[in-house]
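Knowing the structure of chain H, use the given hints to seat chain Y on it.
2 protein chains.
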Amino acid sequence: MKKSYLEMTQSELQQELEAVKKEYNSLKEQGLNIDMSRGKPGADQLDISDGMLKALEGSDFKCENGLDVRNYGILDGIPEAKKLFADLLEVEPENIIVGGNSSLSMMFDYVSQCMYSGAGFEPWSKQGTVKFLCPVPGYDRHFAICEFFGIEMINIPMTNEGPDMDAIEEAIKDTAVKGMFCVPKYSNPQGITFSAETVKRIANLNVSEDFRIIWDNAYCVHDLTDTTDELLNIFSVLPERNKNMVIEVASTSKISYPGAGVACLASSVENIKAILKRLTIQSISYDKVNMLRHVKFFKNLDGIKAHMQLHAKILKPKFDAVIETLNSDLAGLGIAEWNEPNGGYFISLDVTGGSATRVGVLCKDAGVTLTNVGATFPYGKDPSDSNIRIAPTFPTPAVLSQAVKVLTTAVRLACLENLVK
Amino acid sequence: MKKSYLEMTQSELQQELEAVKKEYNSLKEQGLNIDMSRGKPGADQLDISDGMLKALEGSDFKCENGLDVRNYGILDGIPEAKKLFADLLEVEPENIIVGGNSSLSMMFDYVSQCMYSGAGFEPWSKQGTVKFLCPVPGYDRHFAICEFFGIEMINIPMTNEGPDMDAIEEAIKDTAVKGMFCVPKYSNPQGITFSAETVKRIANLNVSEDFRIIWDNAYCVHDLTDTTDELLNIFSVLPERNKNMVIEVASTSKISYPGAGVACLASSVENIKAILKRLTIQSISYDKVNMLRHVKFFKNLDGIKAHMQLHAKILKPKFDAVIETLNSDLAGLGIAEWNEPNGGYFISLDVTGGSATRVGVLCKDAGVTLTNVGATFPYGKDPSDSNIRIAPTFPTPAVLSQAVKVLTTAVRLACLENLVK
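As given, the protein sequences belong to chains H and Y, one line each in that order.
Numbering follows our numbering, with no gaps: position 245 of the first sequence is 245.
Numbering follows our numbering, with no gaps: position 328 of the second sequence is 328.
Simulated from the structure, these hints should not be mistaken for lab results.
Predicted model only: the values in this text are computed from it and were never measured.
Hints are not guaranteed to be accurate.
What the hints assert, rightly or not - Which bits of chain Y does chain H cover? Going by a derived footprint, with three or more residues having C-beta under 8 Å, they are:
1. 62-74
2. 284-291
3. 351-358
A virtual CB, placed ideally from N, CA and C, is assigned to each residue, including glycine.
Extracted from the complex, chain H is given alone in its bound form (with noise of 0.2 Å):
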């Protein structure tokens, strides 16, 4: 274990910043150019699924009820992507929409409909100030969602069991606060997965009929190791008075292919039907040819669980070539936490000393693109700003390992910045 830089006299630091200075200028000059910052598959990833496109060769292209799935029709999605979404998300297929290639477009066109048509009643933007709950650091295009139909963000800080659920039966005493977003298994970016009693909690909320949870439950299979997180199905503990308070949304961005996949959302009955009711006004139908595509390819839910075995044995190394790297670089010098999650696509470092936005900047003069500090916040404000997301999937192991020593270095070298004196 190496020394603690907070148990370091101020020559120590002095000694070890210069030390450090000499390495990241050396790393530097590798010249590297590596983008770290979205959280996209490889290219290895996309291939497994090809097999996909073949799907289709010999079918007369019915689905099980008739329908020739290449013509108009069937707005709710076909009954075998139905059923197998369904499977996905432990709900029965009337309780299904299956979507389009994107479950962002479902959760922004639902939140438009809330603010502008109402969640049962007078719309959300009819009722004065509208505000949401956001577990932080969390996912940013959560929040641009709110941003864009200007929804006041409030912060709800994350615990290793989910959202501080103390912090949100405060804040839903503002009765302005009509919805939260979540990732509740292997969260953006932390990996966390919602204890069951939160979940518990959460379903039990006790708020207003129209408030509504989005529940986008992006990494529902996404699992790295063969320790899986469980997660609660939340419509299994919602109380009748909050039977219409959850949209979940969940896609095959990253089980197929994040820009031809097949996205859904599950949710009410009485939900789904209100929903219904403005896509029969939005659109025809979604692409039901590639529903059938990807019904034929993963064949059932068993047939998904086995894909993702092979999308975990491709990203089990990069995430182990980052955190061994935070291990040997980091540990011990009391300047950064960071967690090891057993799923999903991210790994959320910590720093002290709000050196977060300098560390991004060493990064980012070294040649490794970082997701912006300050995206895991609403408005892009990371107040402590200590949070870095590092997304380790696009890159090879041997990439990453170049690219994290960078990080590491900068964060020893912002931090150092900081204290010496």
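This is chain Y only, laid out in the frame that chain H set:
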């Protein structure tokens, strides 16, 4: 030529009524079950695009700018798809956003954006009552979008040259009028193509900067015969002050697959930027694999045009079957008028004496489902109860002849019921 009903004596009418009643009853006894309600391509039309499903075989999935279409990225469409649609709509690629499978969604989302975020100015919804001009008869899904957003609709009669421009120029004096939906080529349902003069007058309307024409060019290459209509490119005649007035959409729904095609939107660079600003919150990208599949299959505009001749070959006999039966059964009776379009998906039939609703009921009772009578007008209300939309594309020519026989008999019966005192 038959004797006109309008010139018959009451006793002749009475005799004719008895004869037509018998005809109708014997047709009813056939127990038909024919759906002519929607503009759906037949299965034989879908088959001609099936080569597309193999178009990506051996592909490296890279689009022209090197990006892997299977992965995230490129919000406005892959370059080669932008080029293809730019050629189709006679604009530059910078004026194009390539979408998902639905131009209807692109229109819905754009109207939503104008309503709640504005078209460069105060949101429409905050400017008071919002009204749209609706050329009638027109497309029910356009009217449904207006109704969904609470936009008041004003009927504008169609002429053989397009909408009545005098009526439009008068109507826009009301500044609450914020836009107009059009199908400028082979209009739905009349198959009318706006004349060059009409397009120029629309382009030069004296409107506010946030007035928008939704130019739904759904049938831009959907010719049926060698006598093709030509539509003036409205962007080529827009004066500077109206440079942001037009939002054009099109799709391959009736070129490749209705359920799995590619849609596009064309407008000024300024409008494209404003739309992308919303879209970057709403989505990460549309389905780029399907875009590449389409480009590989069609190759270029000539490829699309050659493909459309295959459609015309299938559709022409269907349109002919309808027109022939209308001619042989109704010509000279003085009770109905219809068009013989050079393209598009519909034949529009107008009956006298406010009997369209009755015709719809008689057809339904005899097993022939028409588009809901009234659907071609805002709020489903045809003021003179005269218009019937015939969608001849889905049934075979033989079935069509049966169905249109029922229709013409119903028209005669309904009109006679009115004429006999």
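Hint by hint, here is what the structure shows:
no.	hint	in the structure
1	62-74	holds (count 6)
2	284-291	holds (count 7)
3	351-358	violated (count 0)
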